[in-house]
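Undergrad: Spelled out from the first residue to the last, the chains are:
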Amino acid sequence: MFHGSRGRWTAVFLLVSILSLSWVTVKVRSALLPVPPEGPGMAYLRGEETKDQSEDLTAGQGEVQPPSGEETKGEGAGQPASEEEPKGAAAAYDFSQPAPEGEAVDNSYFEDAAFVGDSRTDGFLIYSGIGRGKNLTSNGLSIFQLKEKKALTIEGKKYTLLEALALEQYSKVYLSLGVNELGYYDDEGFYLSYCQAIDAIRAVQPEAVIYIQNLIPLNEGMIAQTTGRTYLTNAHLRVYNELIQKVAEEKQVVLLDLYSSFVNEDGELPAEGSKDGVHLSKAYCQQWLAYLQTHTVEFETLYPDGAPRTGETDQGIENGSVIE
Amino acid sequence: MKRKWIIAGALACLLALTACQGKNDPAPTPFQTDLVQDMVEAGGFSETLEELDGDTAFALYKLADYGLVREDLTECAVLRSSGATCEEAAVLIFGGEKGGDAEAMTQVGQALKDYVQSQIDANTDYRPAEIPKLEQALVERRGDTLLLLVANDYQAAQSAIDESSR
Chain V
1 MFHGSRGRWT AVFLLVSILS LSWVTVKVRS ALLPVPPEGP GMAYLRGEET KDQSEDLTAG
61 QGEVQPPSGE ETKGEGAGQP ASEEEPKGAA AAYDFSQPAP EGEAVDNSYF EDAAFVGDSR
121 TDGFLIYSGI GRGKNLTSNG LSIFQLKEKK ALTIEGKKYT LLEALALEQY SKVYLSLGVN
181 ELGYYDDEGF YLSYCQAIDA IRAVQPEAVI YIQNLIPLNE GMIAQTTGRT YLTNAHLRVY
241 NELIQKVAEE KQVVLLDLYS SFVNEDGELP AEGSKDGVHL SKAYCQQWLA YLQTHTVEFE
301 TLYPDGAPRT GETDQGIENG SVIE
Chain H
1001 MKRKWIIAGA LACLLALTAC QGKNDPAPTP FQTDLVQDMV EAGGFSETLE ELDGDTAFAL
1061 YKLADYGLVR EDLTECAVLR SSGATCEEAA VLIFGGEKGG DAEAMTQVGQ ALKDYVQSQI
1121 DANTDYRPAE IPKLEQALVE RRGDTLLLLV ANDYQAAQSA IDESSR
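Protein chains in written order, with our numbering: chain V, 1 to 324; chain H, 1001 to 1166.
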């Protein structure tokens, strides 16, 4: 068809034209699509990142189906779906990013929530004014001990926090662990143990939204003045926060970025936020609560096709991270 | 015979004196919520403590597990460390039926003692330096009021208690 030098140039010209037209079409379509609303209970799109997430969520299940009656989810409220947009494309939640800020819920939201953590979380439950939620905390607890340490006594019987978690059903589980682990210098072990913890929590609370909270910074100066624990450093804490973000993406749980909410310009917890550089003052616990109130996500938004089963999302890490 | 009358008389006098002593012994002054701040000002604590409200105190001391309802706790003043130490001071005042119920007040005392023990258990490995303070914890009942004290300087705190009892 395109013989000779002139023919070849014509073919090249046509090919470039087709490619350019396709590119322009894609760009125009993206520009016309409205920005989806972000907030509690609202799915949101993050451009090209959604494709991979959709694939992860629907592996082996065929095409993604949005929740019933929500074909336009992610297109913007009241906006009709673009005709070119394939029907049934789900607005997948981006687990690699922190939960977006939304309208504040009141404390009744935490009525059916369990809080699993260490002394920081215990302080949060006492001083924030939340007044609700199951306290499943233990001073000095680390993610490495979650399965073994009989930290709670209920009606005379000792339980690990995970065993205690299984005694009731919750709609939300908030996990906050990591500070006591800073002294172990086992980053890979921390990551794997965290993944195991998520699997264990999901196994006993399959219908719960699992929130994992990254680590609130420390004030190293105050630590030096009080306990003198030199292993408590913000540099290592930030490494753990990167790992926690990785866990959120890997295990498809909601990441809460408390670190960014509390850190000052020096990369530390402000001195007025704590008496010992670790445990938060009442005012900062109240700030913590305000963050949780404005960063909530509905279960259906996260898992429109149902929650992933334990160990279903462990590609990319060793199989050893999945527990029985 | 005369000797018997002397002994009987002496016994009667002794009994009468004992009875008078009981009548004149004043009941201990109930704890007032101001006492918590007085103990702070007396230097009983090593750090600035955080204030807790009645709802939080009722839950913290697990008073529901000891047969009380929130309405029984009519007034309180609670200051507690936010985590740097285990120091704490609380005056709890009860009213209604439970306030006048000696058995109920004994249960509250037990709740506070159990709370202190749970603090010892939870902090033995985590904050060992705080254990001596917890082991000296003071739980005292006066009528329908109770005091819980975990101080850094018990002598200073006690001086405030003594002052308030005058």
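Please note: incorrect hints may appear among the correct ones.
Here are the simulated lysine-lysine pairs, DSSO-like style, with alpha carbons at most 30 Å apart [claimed, not checked]:
1. H/K1062 <-> V/K158
2. V/K150 <-> V/K282
3. H/K1062 <-> H/K1113
4. V/K282 <-> H/K1113
5. V/K134 <-> V/K158
6. V/K246 <-> H/K1113
7. V/K150 <-> H/K1113
8. V/K157 <-> H/K1113
9. V/K149 <-> H/K1113
10. V/K134 <-> H/K1062
11. V/K134 <-> V/K149
12. V/K149 <-> H/K1062
13. V/K246 <-> H/K1062
14. H/K1062 <-> V/K157
15. V/K150 <-> V/K246
16. V/K246 <-> V/K149
17. H/K1113 <-> V/K134
18. V/K134 <-> V/K147
19. V/K147 <-> V/K246
20. V/K282 <-> V/K134
21. V/K158 <-> H/K1113
22. V/K157 <-> V/K246
23. V/K134 <-> V/K150
24. H/K1062 <-> V/K282
25. V/K134 <-> V/K157
26. V/K157 <-> V/K147
27. V/K147 <-> V/K158
28. V/K134 <-> V/K246
I should point out that these hints are in silico values taken from the structure, not numbers from a laboratory.
Undergrad: Are the hints correct? Go through all of them and say.
TA: Results for each hint:
1. H/K1062 <-> V/K158: 18 Å, holds
2. V/K150 <-> V/K282: The hint holds at about 28 Å.
3. H/K1062 <-> H/K1113: 11 Å, holds
4. V/K282 <-> H/K1113: 25 Å, holds
5. V/K134 <-> V/K158: 16 Å, holds
6. V/K246 <-> H/K1113: 44 Å, violated
7. V/K150 <-> H/K1113: Holds: V/K150 and H/K1113 sit about 22 Å apart, inside 30 Å.
8. V/K157 <-> H/K1113: 19 Å, holds
9. V/K149 <-> H/K1113: With a Cα-Cα distance of about 25 Å, the restraint between V/K149 and H/K1113 holds, given a limit of 30 Å.
10. V/K134 <-> H/K1062: Distance of about 13 Å is within 30 Å: holds.
11. V/K134 <-> V/K149: Distance of about 18 Å is within 30 Å: holds.
12. V/K149 <-> H/K1062: 23 Å, holds
13. V/K246 <-> H/K1062: 38 Å, violated
14. H/K1062 <-> V/K157: At roughly 17 Å apart (the allowed maximum being 30 Å), V/K157 and H/K1062 satisfy the hint.
15. V/K150 <-> V/K246: 28 Å, holds
16. V/K246 <-> V/K149: This hinted pair holds, its Cα atoms lying about 25 Å apart.
17. H/K1113 <-> V/K134: 23 Å, holds
18. V/K134 <-> V/K147: 18 Å, holds
19. V/K147 <-> V/K246: 21 Å, holds
20. V/K282 <-> V/K134: The hint holds at about 19 Å.
21. V/K158 <-> H/K1113: 20 Å, holds
22. V/K157 <-> V/K246: 36 Å, violated
23. V/K134 <-> V/K150: Roughly 17 Å separates the two Cα atoms, so the pair holds.
24. H/K1062 <-> V/K282: 20 Å, holds
25. V/K134 <-> V/K157: 17 Å, holds
26. V/K157 <-> V/K147: Holds, because 16 Å separates the two Cα atoms, which is no more than 30 Å.
27. V/K147 <-> V/K158: 13 Å, holds
28. V/K134 <-> V/K246: It holds: about 27 Å lies between the C-alpha atoms, which stays within 30 Å.
Comparing the model with each numbered hint stated earlier shows that hints 6, 13, 22 do not hold.
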